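*Asks:* Can you build the whole structure from these sequences, using the hints too?
The chain contents come next:
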Amino acid sequence: MKYYIKYMALLAVLLTACEPEFENSIEDEGFYSNGDVDFSNFVAVGNSLTAGYGDGALYITGQETSYPNLMAKQFSFVGGGEFNQPLMNDNLGGMVLGGQQITENRLVLSVGANGPAPKRLAGNPTTEVSNLLTGPFNNMGVPGAKSFHLLAPGYGNPAGVASGASNPYFARFASSTDATVIGDAAAQKPTFFTLWIGNNDILSYSTSGGVGVDETGNLDPSTYGSNDITDPNVFASVYSNLVTALSASASGGVLINIPDVTSIPYFTTVPYNAIPLDAQTAAFVNQSYADYNNAMATYAFLGYISAEEATARTINFQAGQNAVVLSDEDLTPLPNPAGGTLPMLRQATSEDLIVLTASSILGTLADPSNPSSVIGVGVPLSDQYVLTTTEQASVTAAQTSYNATIQALAQANGLAFVDVKSALAQVSTGGITYDGGVLTSTFVTGGTFSLDGVHPTPRGYAYVTNLIIKEINKTYNSTVPVVNVGDYNTITISNDVN
Amino acid sequence: MSKNFTLVAVFLIIAATSYAGGYRVALQGQRALAMGHTGVAYVNTAELAFFNPAGLVFLENRLNISAGVSAVFSDVTWQNETFGQTSDTNSPTGTPFYLYGSYAATEWLSLGLAVYTPYGSSVEWPTDWAGSHLVNNIELASIFIQPLVSIKISDKFSIGGGPIFVTGNVNFNRNANRTLSDIDGDRSNITVDDSGVTNWGWSLGTLFNITDDFRIGAHYRSEIILDSKDGEATFSNFPNDSGTPIVVSSTTVIPSNGTTGFTASLPLPAEMTVGLSYDMSDKWTFNFDFSRTFWDVYENLDINFSNGLESINPRNYENSSTYKFGVQYVANETIALRAGYYFDESPVQPGYFAPETPRNDANGFTAGLSFNINQKFAIDASFLYLRFDEVKASYDYYQENGQNVPFKGTYKSSAFIPGIGITYSL
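Chains A and B are the protein sequences, given in the same order. Taking my numbering, I'd label the letters of the first sequence as residues 1 to 498. Taking my numbering, I'd label the letters of the second sequence as residues 1001 to 1426.
Bear in mind the hints are in silico, worked out from the structure with no lab data behind them. Watch out, some of these pointers could steer you wrong.
[To be verified] In silico SDA-like cross-links for lysine to any residue, where the CA-CA straight-line distance does not exceed 20 Å:
| # | chain 1 | residue 1 | chain 2 | residue 2 |
| --- | --- | --- | --- | --- |
| 1 | B | Lys1408 | A | Asp36 |
| 2 | B | Lys1408 | A | Lys474 |
| 3 | A | Lys470 | B | Gln1085 |
| 4 | A | Lys73 | B | Pro1126 |
| 5 | A | Lys73 | B | Pro1245 |
| 6 | A | Lys73 | B | Thr1086 |
| 7 | B | Lys1408 | A | Glu21 |
| 8 | B | Lys1408 | A | Asn24 |
| 9 | A | Lys470 | B | Glu1081 |
| 10 | B | Lys1392 | A | Val379 |
| 11 | B | Lys1408 | A | Glu27 |
| 12 | B | Lys1408 | A | Val482 |
| 13 | A | Lys119 | B | Ile1183 |
| 14 | B | Lys1408 | A | Ile26 |
| 15 | A | Lys73 | B | Asp1128 |
| 16 | A | Lys73 | A | Asp36 |
| 17 | B | Lys1408 | A | Glu23 |
| 18 | A | Lys474 | B | Glu1081 |
| 19 | A | Lys73 | B | Trp1129 |
| 20 | A | Lys119 | B | Pro1245 |
| 21 | A | Lys73 | B | Gln1085 |
| 22 | B | Lys1392 | A | Glu21 |
| 23 | A | Lys119 | B | Val1247 |
| 24 | B | Lys1408 | A | Tyr434 |
| 25 | B | Lys1392 | A | Asp28 |
| 26 | B | Lys1392 | A | Ile26 |
| 27 | B | Lys1392 | A | Pro20 |
| 28 | B | Lys1392 | A | Val482 |
| 29 | B | Lys1408 | A | Gly486 |
| 30 | A | Lys73 | B | Thr1127 |
The structure displayed is predicted, hence computed values, not measured ones.
*Replies:* Here you go:
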């Protein structure tokens, strides 16, 4: 009997060890192939998109779903190593410098009396810029960085953050006060890399409605303002240096191009004809523009402006949806018979892109005591809220040139090239189906873009991750598994807001 | 973010991995189990109280008691090759038990009592695993208590049966959907918990002694529906602590954290068994049983929460059959050896393969022995190995945005179940 019990006990122990096993487990070596490349030390270089920024902030859960981090998880099946990120201190996302908050908390969708709207999450952020992190970090994505910033010594100098001379995100994890982003990346001797840079070289100009300068022709980036377009030759030279630095140790890498601004909801959400009026109000408003309209006709007759410009500048409201009245610095300055110059006004056309942030001021009163000071009607929408066709042309010209550079350098160096521009254009025009629906670029509900209207949601980043993985597999004969886009979150809802 | 996404997906209740199709746990007697869980016509011990109470009246002894317990080591591993996802259950060891007694009141009447656990399940996936929108963990237990009468109509023919009182418990947790979380990324989830859910059923069997060596039997156990009404549902990690739902749109509602009531029904299906037992010689006995479990009652698992949310989960089980064979060899007065085999058809249909019940067809291999300590006491031991094929399967009826989102992968299950019991007869 005693023996019997003993054997039963022994049996029980043996049984717990008998776990079910697959004939071909995905965890077996060789199930997935690394192809021609070594994924053991993966370094990602770029801007906010690489960092995992979204909802107007960088925060931990967003960083966890950054495309480089998602890629690194999939690389673990094909020899990938650890992937370290300079994580923020919380999920609020705001940053503090010397106790003073310098960047805002993340946006969440809050439901108030007037329905759902993006608001800043309440709470005191705890990410103190001066608490420096010790690297190295595989994710070298620095929010706000333009191409040439990656080569700039001191871009992560904590002493320069307060004055705006350096970048608070890079200041947290730069290896030294005069380190460069690319230097810190290359020092890790990556065996594989991604580079996605250049977005901000056109985006800050675009999001600010073209108030900056198109610096094409100016080869000295140290003279650029923060909202300027980077000269394409500067971009080409910088980009080539970046690729060379990263390629030195790598067995392979990925270059990612620059999407169109028209693919992101920041520029496509507010319609050009956002002004609803009834017939009576329209007639009243038209009355107040009668003098301006007459002046345009006169200047056209006198040959100061073309008939087309006069037509474009003639303000006319009707019952129904009306185009926004805006100021356009690219219109011809005209003398005001009463002295000075006439305002450079016109109504928006479907070609104009009105930025997302205009939605909070359009239709409000510029002067609360003056009922006819409605912004977009009686008071023009100022230049910073509109990316006009002329400004769009500057953006597109630079973008086209950058993208040509990126693709040519990918080809020349045998690197994978990811055409995110075309992929996001497809999201924006027709949408991309996934297992739980369709990803579109519609603000809030489309699933691809976060509440800042510019950066992807985790699901959007997962989609980008798959674009990159597929291109890697094609270029390097590997079989890295993709991620399940539907497993990743979109926007976050919370009423815990300021 | 639609109503389905947050409301419908919000839940379900039961089901499970277990050791016969669905959440049936076919471990109701060590001697019968050692012979492929056959016993509807096998007149040997008080295990008849479960397998066919009509046979109790034919037991030789006046008082018969059988009791036993099994240890269920059952695990499931899952992987999705497309996405590089893999997960293993870490399920607690189940311990189904039984206790049977019969007493021959007269030559033609025996009275009995049976306590057994034919339905239950315990599956624990890693929290927030890839299928966590379907199940994180589930614990389902039921105890059947059944007083019995067994009446000899003639030397050839008897009937037996009795009412069944069932008491059940359930605890089930799953995530609200594939993505919803609070601000810190902790996944929104719901636990439903209820215990002491009771209901009544019955069973009735007959036995024919065609010859002294050859018997046939039939036994039917009724369906019992467990209606959970007094349980508690706990909503956790939703991005809403306000106590009232946040209505984002007509299709997106975020419930508040906290507890609420719920109602749900879980059917314990009826089972019909017919079979034979043939004493080939003094030493050899052969059993064959055929069981049909009427799983088609399990169409949906619908949970209605007191806060107005609901969860509809199609199950669409179909009736399933089990074919069971067993032999016994009485080596000497002390030792009897047994072995058996059964084929167990899964009630789960293609497209309804949910990770709470990741069950495909199984081949059961059984063995065991009895050791007679003396005339009265015997120790019974059994061992069951359930072999499953690796299966590519999916559950297609989870919905987001009003469309079905299949959860796919390859499953491989295994179950090793040693059991021990005693038989006492006087």
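*Asks:* A separate judgement is required for each hint: does it hold in the structure or not?
*Replies:* Here is what the structure says about each hint:
1. B:Lys1408 to A:Asp36: Outside the cut-off at roughly 30 Å; violated.
2. B:Lys1408 to A:Lys474: The hint is violated at about 25 Å.
3. A:Lys470 to B:Gln1085: 17 Å, holds
4. A:Lys73 to B:Pro1126: 18 Å, holds
5. A:Lys73 to B:Pro1245: Given that 20 Å is the threshold and the Cα spacing comes to 36 Å, the pair is violated.
6. A:Lys73 to B:Thr1086: 13 Å, holds
7. B:Lys1408 to A:Glu21: 18 Å, holds
8. B:Lys1408 to A:Asn24: Given pair Lys1408 (chain B), Asn24 (chain A) holds - Cα atoms ~17 Å apart, limit 20 Å.
9. A:Lys470 to B:Glu1081: 15 Å, holds
10. B:Lys1392 to A:Val379: 64 Å, violated
11. B:Lys1408 to A:Glu27: Roughly 18 Å between the alpha carbons, so the hint for Lys1408 (chain B) and Glu27 (chain A) holds.
12. B:Lys1408 to A:Val482: 15 Å, holds
13. A:Lys119 to B:Ile1183: 14 Å, holds
14. B:Lys1408 to A:Ile26: 15 Å, holds
15. A:Lys73 to B:Asp1128: Holds. Lys73 (chain A) to Asp1128 (chain B) sits at ~16 Å (cutoff 20 Å).
16. A:Lys73 to A:Asp36: 19 Å, holds
17. B:Lys1408 to A:Glu23: Distance ~18 Å between Lys1408 (chain B) and Glu23 (chain A) Cα, so the pair holds.
18. A:Lys474 to B:Glu1081: Given that 20 Å is the threshold and the Cα spacing comes to 18 Å, the pair holds.
19. A:Lys73 to B:Trp1129: Between Lys73 (chain A) and Trp1129 (chain B) the Cα gap is close to 15 Å, so the pair holds against 20 Å.
20. A:Lys119 to B:Pro1245: Judged against 20 Å, a Cα distance of about 19 Å means the pair holds.
21. A:Lys73 to B:Gln1085: Cα-Cα ~10 Å, so holds.
22. B:Lys1392 to A:Glu21: Judged against 20 Å, a Cα distance of about 14 Å means the pair holds.
23. A:Lys119 to B:Val1247: Answer holds: Lys119 (chain A) to Val1247 (chain B) is near 16 Å, not above 20 Å.
24. B:Lys1408 to A:Tyr434: 14 Å, holds
25. B:Lys1392 to A:Asp28: Roughly 18 Å between the alpha carbons, so the hint for Lys1392 (chain B) and Asp28 (chain A) holds.
26. B:Lys1392 to A:Ile26: Roughly 14 Å separates the two Cα atoms, so the pair holds.
27. B:Lys1392 to A:Pro20: 15 Å, holds
28. B:Lys1392 to A:Val482: 19 Å, holds
29. B:Lys1408 to A:Gly486: Given that 20 Å is the threshold and the Cα spacing comes to 13 Å, the pair holds.
30. A:Lys73 to B:Thr1127: 18 Å, holds
Consistency note: the structure conflicts with the earlier hints numbered 1, 2, 5, 10.
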